[in-house]
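> Each protein sequence line maps, in turn, to chains A and B. Mapping of the first sequence onto UniProt numbering: residues 1 to 402, in sequence order. Mapping of the second sequence onto UniProt numbering: residues 1 to 402, in sequence order.
Simulated from the structure, these hints should not be mistaken for laboratory data. No experiment lies behind these values; they were computed from the predicted model shown. Even glycine gets a Cβ: it sits at the ideal position worked out from N, Cα and C. You may find that some hints are simply not true.
[Stated by the list, open to error] Some chain A residues near chain B, calculated using beta-carbon distances under 7 Å: (1) L113; (2) T312; (3) A326; (4) G329.
So the chains spell out like this:
There are 2 protein chains.
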Amino acid sequence: MSPLLGSETEPSVDRGAGITAPSGFRAAGVAAGIKDSGKPDLALVVNDGPYDTAAGVFTVNKVKAAPVLWSEQVLRYRRLRGVVLNSGGANACTGPEGFQDTHATAEKVADVLGVGAVEVAVCSTGLIGERLPMGAVLSGVNTAACALAGTAEAGLAAAEAIMTTDTKPKQAAVYRPGGWTVGGIGKGSGMIAPSLATMLVVLTTDAVVEPDTVDAALRAATRATFDRLDIDGSMSTNDTVLLLASGASGVEPEVDELAAALTAVSADLARQMQADAEGVTKEIAVTVTGAAGESDALVVARAVARDSLVKTALFGSDPNWGRIAAAAGAAPAALDPDRLDVTINGVLLCKGGAKAAERSTADLSGRDVVVHIELGLGTGTATVLTTDLSHGYVEENSAYSS
Amino acid sequence: MSPLLGSETEPSVDRGAGITAPSGFRAAGVAAGIKDSGKPDLALVVNDGPYDTAAGVFTVNKVKAAPVLWSEQVLRYRRLRGVVLNSGGANACTGPEGFQDTHATAEKVADVLGVGAVEVAVCSTGLIGERLPMGAVLSGVNTAACALAGTAEAGLAAAEAIMTTDTKPKQAAVYRPGGWTVGGIGKGSGMIAPSLATMLVVLTTDAVVEPDTVDAALRAATRATFDRLDIDGSMSTNDTVLLLASGASGVEPEVDELAAALTAVSADLARQMQADAEGVTKEIAVTVTGAAGESDALVVARAVARDSLVKTALFGSDPNWGRIAAAAGAAPAALDPDRLDVTINGVLLCKGGAKAAERSTADLSGRDVVVHIELGLGTGTATVLTTDLSHGYVEENSAYSS
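Go ahead and model the full structure; you've got the sequences and the hints to work with.
Printed below as a string of structure tokens:
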């Protein structure tokens with residue numbers, strides 16, 4: 001497993017449970033016939049309350065999919081009773097008709113749940129530019145509604161139904177002292193870049209959360225986790241992270257406690273996405289320290305994490321620190337080449353901008369690679385998780401439309 | 001051949017000639033033993049005058065190789081009598097010792113030519129972080145000095161000696177009415193991004209050029225050509241484009257004429273680099289029109305040209321305009337998704353942000369791909385040349401240190 005983001009303070013995570021671990025939630029995942037393959041492609045998540053506090057974080061791409069435009073609107077009220085998610089089509093770049101499709105899907109879910117459409121968020125993932133087969137979507141909502149359950153199996157089925165090029169379903173849960181819980185499901189394995197990734201994530205909690213604080217708690221969690229996962233620098237049209245709080249535990253944690261639990265689940269889901277990224281053979285953590293500020297640290301870490309020459313070298317298990325230095329030096333951040341240190345998997349290869357040890361002394365034969373760049377300028381620090389650029393990545397993204 | 005940058009107004013280019021096409025220049029390329037392979041690795045270019053006007057454009061990477069630091073300094077005087085170039089080692093991230101190596105190389109060239117070291121520029125390309133074998137370099141300068149000639153063969157030998165992962169030497173020349181000429185050699189096939197690329201280019205002319213205008217003319221040429229070639233978004237530590245003017249023709253062209261001739265040679269060398277890029281199977285031109293301004297057009301064109309998902313789709317001959325729309329929408333430029341048109345190889349696939357035609361109607365079976373993005377906002381236009389992201393690129397950059 002790759003180095004943990006904030007691992008020292010994280011609550012322990014249970015990957016055997018997910019979205020239905022907190023009380024007050026039911027879920028379902030079904031094969032609605034949206035995917036030609038016949039695999040599961042529609043999920044439903046329902047918050048049975050007593051509260052329905054919610055928040056969302058969305059892609060900042062200017063080209064936003066219809067479900068993102070819809071869900072951003074309904075989240076203004078900070079309330080959600082249900083979320084419907086589909087794989088097999090992004091419903092992005094589909095014009096006014098695509099937005100009507102999203103609206104009709106929300107109305108259908110509202111109808112079967114007996115709630116209002118403005119209490120239903122919609123998430124989609126898949127190919128951009130094609131309309132969804134609405135007959136399959138709407139009948140799938142019926143099927144999913146009948147399958148709704150609060151069991152672990154139902155939560156896992158929801159995680160499976162949102163997979164695209166993911167090879168494994170992704171879920172996680174943390175149990176907190178006092179009897180409240182955070183759970184989540186996620187999907188994403190390519191087109192992953194800030195802000196967020198081509199990811200859909202639904203987080204649930206049975207904590208009592210005030211509408212005033214739910215948004216800040218979710219943003220604090222995503223900022224430290226999903227926003228620092230960068231697989232290929234490509235930003236999706238559909239990225240969505242939702243948080244639904246049922247209050248069923250009756251416990252109202254401090255905001256910091258809530259944010260820590262949300263961060264733990266989010267960090268674990270991010271690591272699952274990294275481990276399952278398209279064509280991944282190396283799980284890479286790029287940490288920058290000594291930057292003039294945190295934003296500079298992040299800019300440099302991201303530039304190195306995105307660099308094709310760095311990523312292909314690491315695919316080849318080559319500790320090519322010169323490419324790392326070149327990528328860092330090209331980033332729009334303060335950098336003094338004479339103070340630049342580069343350490344790979346614990347071996348200081350570059351000190352003060354020049355060779356400190358033979359490259360062969362760094363062992364990159366394993367799956368995990370830790371790149372540490374010290375800038376020697378200040379106290380700014382940031383870590384970005386990424387993967388290598390492999391034949392598998394090229395194969396997966398050239399041979400299939402996605 | 002891919003779409004020409006400014007082809008309509010370009011003088012015709014002769015690839016059978018290069019750096020020795022203009023009068024007043026001699027060149028040589030030899031195998032000095034810097035490369036383990038024994039292939040040619042050291043080139044010398046000499047300006048015999050009567051004038052020695054010169055200019056240079058260099059990488060904007062904050063991590064600059066020793067030869068870049070040296071050549072930037074000597075170019076302050078706008079005069080060069082000679083240029084020594086080596087492949088087989090970048091002499092980057094080599095500390096004060098590396099700078100002393102560059103200085104010693106320039107002194108050696110000055111010695112054999114009977115000029116001052118401040119009249120000698122140095123260029124290096126190859127692996128970052130290793131010192132050069134100075135014995136080989138210095139004796140190679142002697143050998144090259146003996147081989148100097150004003151013949152076409154000598155110019156081609158210089159082009160061959162600066163190759164790294166290039167598979168072909170790159171040279172070009174244009175002959176202008178009135179009897180003056182511009183020639184050039186270049187290398188570069190990966191780590192190519194603005195500003196400039198991992199490229200070394202030496203341009204020569206026998207025009208009479210004033211020291212006051214030489215810099216502006218060179219910058220105008222590079223801005224429209226090398227700065228708009230982006231193979232992998234990775235910016236080198238060693239990029240250098242030099243212009244040497246001998247004045248041997250006795251003709252002093254207008255600045256616009258000179259810039260046009262320099263642009264023609266530079267554009268042709270850039271296209272040769274694109275055609276010979278690492279792993280290339282598609283030569284891609286991304287043109288953005290209708291942007292709010294030229295800088296916005298360039299930002300969007302570059303974002304699309306760099307996007308791994310766009311580049312892998314094009315490797316797979318898949319006209320996946322959704323990925324193009326997503327990459328454009330993620331760029332930091334003004335964009336209205338409802339006004340976005342995407343045309344690939346002449347077929348309008350996306351109109352007003354939604355599907356306009358089946359993707360299969362665009363034919364990507366050939367080597368050339370023209371992506372045209374119309375933003376519908378203003379009059380800003382820019383074209384960036386790139387290549388696809390192929391198995392060959394991954395192979396070349398993972399299996400070998402470079």
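> State for each hint whether it applies.
Here is what the structure says about each hint:
1. For L113 (chain A), the interface hint is violated, the least distance from its beta-carbon to any beta-carbon of chain B being 30 Å, above 7 Å.
2. Taken as an interface hint, T312 (chain A) checks out: its beta carbon lies about 4 Å from the nearest beta carbon of chain B, inside 7 Å.
3. A cut of 7 Å between beta carbons decides the hint on A326 (chain A): the least distance to chain B is about 5 Å, and the hint holds.
4. Annotation: G329 (chain A) was flagged as interfacial toward chain B, and the flag holds, the nearest CB pair being 3 Å apart, inside 7 Å.
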